[in-house]
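Q: Sequence:
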Amino acid sequence: MRALPGLLRKLAADRLGMMRDAASLSDAVRVSLGPKKLYVFNRPDYAKHVLADNAANYHKGIGLVESRRILGDGLLTSEGDLWRAQRRTVQPAFRPARIAAQAGVVAEEAARLVGLLRRRAGDTPVDVLREVTGLTLGVLGRTLMDTSLDGQDGIAHAFEAVQDQAMFDMVTQQLVPVWAPFGTQRRFRRARRELTRTADELIADRAARLADGDDADDAFARMILAARRREDPAAARRLLRQELITLLLAGHETTASTLGWTLLLLARHPHIRDLVREEARSVLAGGRLPEAEDLHKLTYTTQVVQEAMRLYPPVWILPRIARRSDVVGGFDVPAGADVLVCPYTLHRHPDLWEDPERFDPGRFDASRVAHRHRYAYIPFGAGPRFCVGSNLGMMEAVFVTALVSRDLELSVAPGHRGVAEPMMSLRMRGGLPMTVRPVD
35 MRALPGLLRK LAADRLGMMR DAASLSDAVR VSLGPKKLYV FNRPDYAKHV LADNAANYHK
95 GIGLVESRRI LGDGLLTSEG DLWRAQRRTV QPAFRPARIA AQAGVVAEEA ARLVGLLRRR
155 AGDTPVDVLR EVTGLTLGVL GRTLMDTSLD GQDGIAHAFE AVQDQAMFDM VTQQLVPVWA
215 PFGTQRRFRR ARRELTRTAD ELIADRAARL ADGDDADDAF ARMILAARRR EDPAAARRLL
275 RQELITLLLA GHETTASTLG WTLLLLARHP HIRDLVREEA RSVLAGGRLP EAEDLHKLTY
335 TTQVVQEAMR LYPPVWILPR IARRSDVVGG FDVPAGADVL VCPYTLHRHP DLWEDPERFD
395 PGRFDASRVA HRHRYAYIPF GAGPRFCVGS NLGMMEAVFV TALVSRDLEL SVAPGHRGVA
455 EPMMSLRMRG GLPMTVRPVD
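All the letters of the sequence shown, read from the start, carry residue numbers 35 to 474 under my numbering.
It should be emphasised that the hints constitute simulated quantities derived from the structure, not laboratory data. Where is the CB? At the ideal position from N, CA and C, for every residue including glycine. Do not rely on the hints blindly, as some may be mistaken.
The following label-pair restraints were derived from C-beta to C-beta distances [as the list claims (entries may be wrong)]:
no., residue 1, residue 2, range
1, Pro-267, Glu-391, 51 to 57 Å
2, His-405, Arg-227, 27 to 33 Å
3, Gly-149, His-305, 50 to 56 Å
4, Gly-247, Arg-227, 44 to 50 Å
5, Gly-363, Glu-113, 23 to 29 Å
Here are the simulated SDA-like pairs of lysine to any residue, each with C-alpha atoms no more than 20 Å apart in a straight line [to be verified]:
no., residue 1, residue 2
6, Lys-94, Ala-371
7, Lys-71, Glu-265
8, Lys-331, Leu-309
9, Lys-94, Lys-331
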């Protein structure tokens, strides 16, 4: 195992660069961060061992641990029996048949986005990332919460402050108290108050409607009913709030990120955008909205989204902590060690991907996928903690990409580079300013 010392500063300033440096040395690297030792593994079989084969030995690690200040014991950060119970509670809301039944909602929200962008066509750039974030919140509210999130734009801004704080805590190793008078902490405290208030209002509204006989099939309702069965009411209310805040974050952030990168890549590769437009006009002829069965017909559009997630995986890093000592690919991992599997570098491994920096949706043609290691591509994680919302997220991304490409032409504002900002998800720094032009 190769060692890579002295990278605490790079963890703060260039996390992707740090991971690229580690991957360039070896597929198994020990990284020194002050007193911490991180074990970075960058091969599909190593990822399979940590995330699936011996998943019980690995709990959530660096970055996500720091996020517990706001997410508490929500589904992203909980462990053991609690995590299993939470997963069982929400899993029925993500059944394939139920997600397919939500296709109309996703299509309506996608059409609303297209209409909003069409009305803002012209030479003045529009922050498309902000608009797709609004779309993903709208879909989340209607499909998983039976609740309108219109007018809740503050949620996205609050989560930015939360992620900034989590990264600050990670770099400082939680040695700086949250009450310290720094800008990051002040923004975090305001965001925590805002998210707590919003969560409590949403819970009160949904609980009241459940008492009036509302359907209880959505994830939010299931969480509320599970909380009512817990013995300690105060602890149940606190946990329910944490579960909802986690749902709000996970339910919109990763899909918004995927859509932002997809639309940016299509704008930079007009020949690929034209192929997406051609497919969308063929499958969705006459200007109609997509239906559930269309998802399997929009094959090239799906490949485009998959390739965007290869280059910019929404979950860019999968941190774990080894509960007991282990051996990964012949390398000793001591108990308590921080272990990292990084989809961002794994998806760029030159032994797995030809010309890995090139945007090539053809990589996801079925004939090529069949010869690829299953764990060479893990944008939604892997193993027992594979993202429960992956099917809904893919439907959103494919439907929006198809409708936007069919009806609009988006051009990146001059000077905008699209810089990746690795937080809890792989955000795009500075938004995505684009000009909009309708197409016939």
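Q: Of the hints stated earlier, which fail here?
A: 2, 3, 4, 7 and 9
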